[in-house]
Structure formats: structure tokens, C-alpha cells
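Novice: Sequence:
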Amino acid sequence: MGGGQLSSAPLPRSFFDRPSHEVAPDLLGRVLVHGGVDGIVAVRLTEVEAYGGPGEDPAAHTYRGRTPRNAVMFGPPGHLYVYFTYGMHFCANLVCLPDGFGSAVLLRAGEVVEGLAAARARRSSSNGKPIADRDLARGPARLAVALGLTREHNGLDAILEGSPLGRPRQSATMLEGVPADPSLIRSGPRTGISTAKEVPWRFWIDGDPTVSPYRAHVPRRRNTAATSVGEAPRS
DNA sequence: AAGTAGATACACT
DNA sequence: GTGTATCTACTTA
Numbered sequence: 001m002g003g004g005q006l007s008s009a010p011l012p013r014s015f016f017d018r019p020s021h022e023v024a025p026d027l028l029g030r031v032l033v034h035g036g037v038d039g040i041v042a043v044r045l046t047e048v049e050a051y052g053g054p055g056e057d058p059a060a061h062t063y064r065g066r067t068p069r070n071a072v073m074f075g076p077p078g079h080l081y082v083y084f085t086y087g088m089h090f091c092a093n094l095v096c097l098p099d100g101f102g103s104a105v106l107l108r109a110g111e112v113v114e115g116l117a118a119a120r121a122r123r124s125s126s127n128g129k130p131i132a133d134r135d136l137a138r139g140p141a142r143l144a145v146a147l148g149l150t151r152e153h154n155g156l157d158a159i160l161e162g163s164p165l166g167r168p169r170q171s172a173t174m175l176e177g178v179p180a181d182p183s184l185i186r187s188g189p190r191t192g193i194s195t196a197k198e199v200p201w202r203f204w205i206d207g208d209p210t211v212s213p214y215r216a217h218v219p220r221r222r223n224t225a226a227t228s229v230g231e232a233p234r235s
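Residues in the first sequence are numbered from 1 upward in steps of one, following UniProt numbering.
By construction, these hints were calculated from the structure, which means they are not laboratory data. Any given hint might turn out to be false.
Derived CB-CB ranges, DEER-like [said to hold, decoys possible]:
{"no.": "1", "residue 1": "Ser194", "residue 2": "Pro130", "range": "31 to 37 Å"}
{"no.": "2", "residue 1": "Arg134", "residue 2": "Pro58", "range": "28 to 34 Å"}
{"no.": "3", "residue 1": "His89", "residue 2": "Pro189", "range": "17 to 23 Å"}
{"no.": "4", "residue 1": "Pro68", "residue 2": "Gly188", "range": "31 to 37 Å"}
{"no.": "5", "residue 1": "Ser183", "residue 2": "Met88", "range": "34 to 40 Å"}
{"no.": "6", "residue 1": "Leu160", "residue 2": "Pro219", "range": "38 to 44 Å"}
{"no.": "7", "residue 1": "Arg66", "residue 2": "Leu184", "range": "35 to 41 Å"}
{"no.": "8", "residue 1": "Asp17", "residue 2": "Arg215", "range": "18 to 24 Å"}
{"no.": "9", "residue 1": "Asp181", "residue 2": "Asp38", "range": "32 to 38 Å"}
{"no.": "10", "residue 1": "Pro19", "residue 2": "Glu176", "range": "19 to 25 Å"}
For each residue, glycine too, the CB sits at the ideal point set by N, CA and C.
With these hints in hand, go ahead and build the complete structure from the sequences.
Specialist: Written out as C-alpha cells, the structure is:
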């Protein structure tokens, strides 16, 4: 099956020239297309999170200013900020506000609407069990895998004329798609962060099966040679 | 359905 | 050295 046609136009760069918490809900229902060497995959966004700028959002990578890792977030809007975390995962963001600011929207989950075969292949599990289609891009690291986004795509411009369908290598385009019904948009606290827990900058489409389950931050206790004197390990 | 452990590498203090 | 914008597998219901 060739699936559907991706007929919508690219979003203009001006779409991202706003604070990330205004861009974020407007991104729901939009489509990100990425062409990799092993196929082209498009994802319709169903869940996102906004992260603010230096000094204003303790949960943002830019909170303490510019570093080599977060440099892309301080660049022009509409580019991909892809970072590596937990020793094994990549997560993708779209940069907001003009050059010099430092904010972005984390792409947390979506529905694969094109390139189902390529997405399945990239997400094929180690135990050989097939992955449900709704789980292909359900979670930020899974979404990055499904789209084929890794470290090398950090800084890639997602505002391009035309879709990457004719340019299957190394190009991404953020399409207009069909904006989510405003009455279905929900917001709440962001997932997995240890600071600014109360800021309701996570946005999702209510009832969509591809939205990831909310998980609060869990401080990971290091293995400090649990042979502590006298004290039994508490659970 | 819900909880938790373990994996893993890197940025930043 | 410490903490992490996570995921999978495995456990107990």
C-alpha cells in the first residue's frame, strides 16, 4: 500500500516565531516528514511539550545559558534540536523564537501516517515480537527512532519547500497537516522532569491512542554498594 | 494495571 | 561525581 498522499504545504518559519508554549498546542495534528536512507516516514503529532528560555524555565536545557549541546536552541526557529539522553535515546525538538533566544517544543508522540513499513523496520524489537502500530511513535525516543532522527540531524532545518518525498536523504519538513480540534486539546504537567513540575506545558489530543502514558519523575538511586551497615534495603 | 530494575553515555557541576 | 525531557522486560496482581 502506498498509503495516503501528503498534500499539505510546509509550515512557514513564522509559525515558530512565537513562545514555545504558544507553538506547542498549534503543532498538534501537524505532520513531520523525514526522509532517511532507509525510507521516508511521516508522523502526525499528538503530544508535545514546551520548554522555555534561559533563566525562566528550570526544566529547560537552556536554563543555565548556552552550551555546546543546546546551541541549536539558540539559533533560528524551525530547526530540529536533537539530543541524546539516558545513554541510549534521542529526542527531537523544534526550535521556537528568533535567533538568540533559546526555547523549543519536544515532540513526544504521534501517529505514523506514511512509511509504515519503514517505521516498523526501524522499531523492530529485540525479542522478535511485532510492535503495535499505535506504539511506533508513542513516546519521544520511539518517535525519534520511527522518524530516523539521530545526532546527525541536530540543527536540520525543518522548513523546506516541498516534502522530502523527492529528496529521500537527510531532509525534514514540517507540514501544515490538519490542526487538532481545539476542543480536544488538553494540557498538564510535563513528563519526567524534576523541577517546575507544576507548569502545564504538556499538550496532547484527548482520546488519541498514540498519546504516551504520563510518567512522573523518578529519582534513580545509584548503586552505592547497598551493603550499608545495619540498614536493610528499604522498598 | 501498576510498580520497579537495569541498561547506557554524555553534559554539566 | 551526579543526574538525566526514556524504554524494555520483568515482576506482582
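Novice: Please go over all the hints and tell whether each is borne out by the structure.
Specialist: Tested hints:
Distance hint check: the CB atoms of Ser194 and Pro130 are about 35 Å apart, consistent with the given range 31 to 37 Å. Separated by about 33 Å at the C-beta atoms, Arg134 and Pro58 satisfy the suggested range of 28 to 34 Å. At roughly 21 Å, the beta-carbon separation of His89 and Pro189 lies within the given 17 to 23 Å, and the hint holds. Separation of Pro68 from Gly188 is about 32 Å and conforms to the stated range, judged on CB atoms against 31 to 37 Å.
In this structure the supplied range 34 to 40 Å holds for Ser183 paired with Met88, their Cβ-Cβ distance being about 38 Å. A hinted range of 38 to 44 Å holds for the C-beta pair Leu160 and Pro219, which are about 41 Å apart. For Arg66 paired with Leu184, a C-beta distance near 37 Å keeps the hint of 35 to 41 Å intact. Take Asp17 and Arg215: their Cβ atoms lie about 32 Å apart, and the range 18 to 24 Å is violated.
Distance hint check: the CB atoms of Asp181 and Asp38 are about 34 Å apart, consistent with the given range 32 to 38 Å. The beta-carbon spacing between Pro19 and Glu176, approximately 20 Å, falls within the hinted interval of 19 to 25 Å.
Checked against the numbered hints given earlier, the structure breaks only hint 8 and satisfies all the rest.
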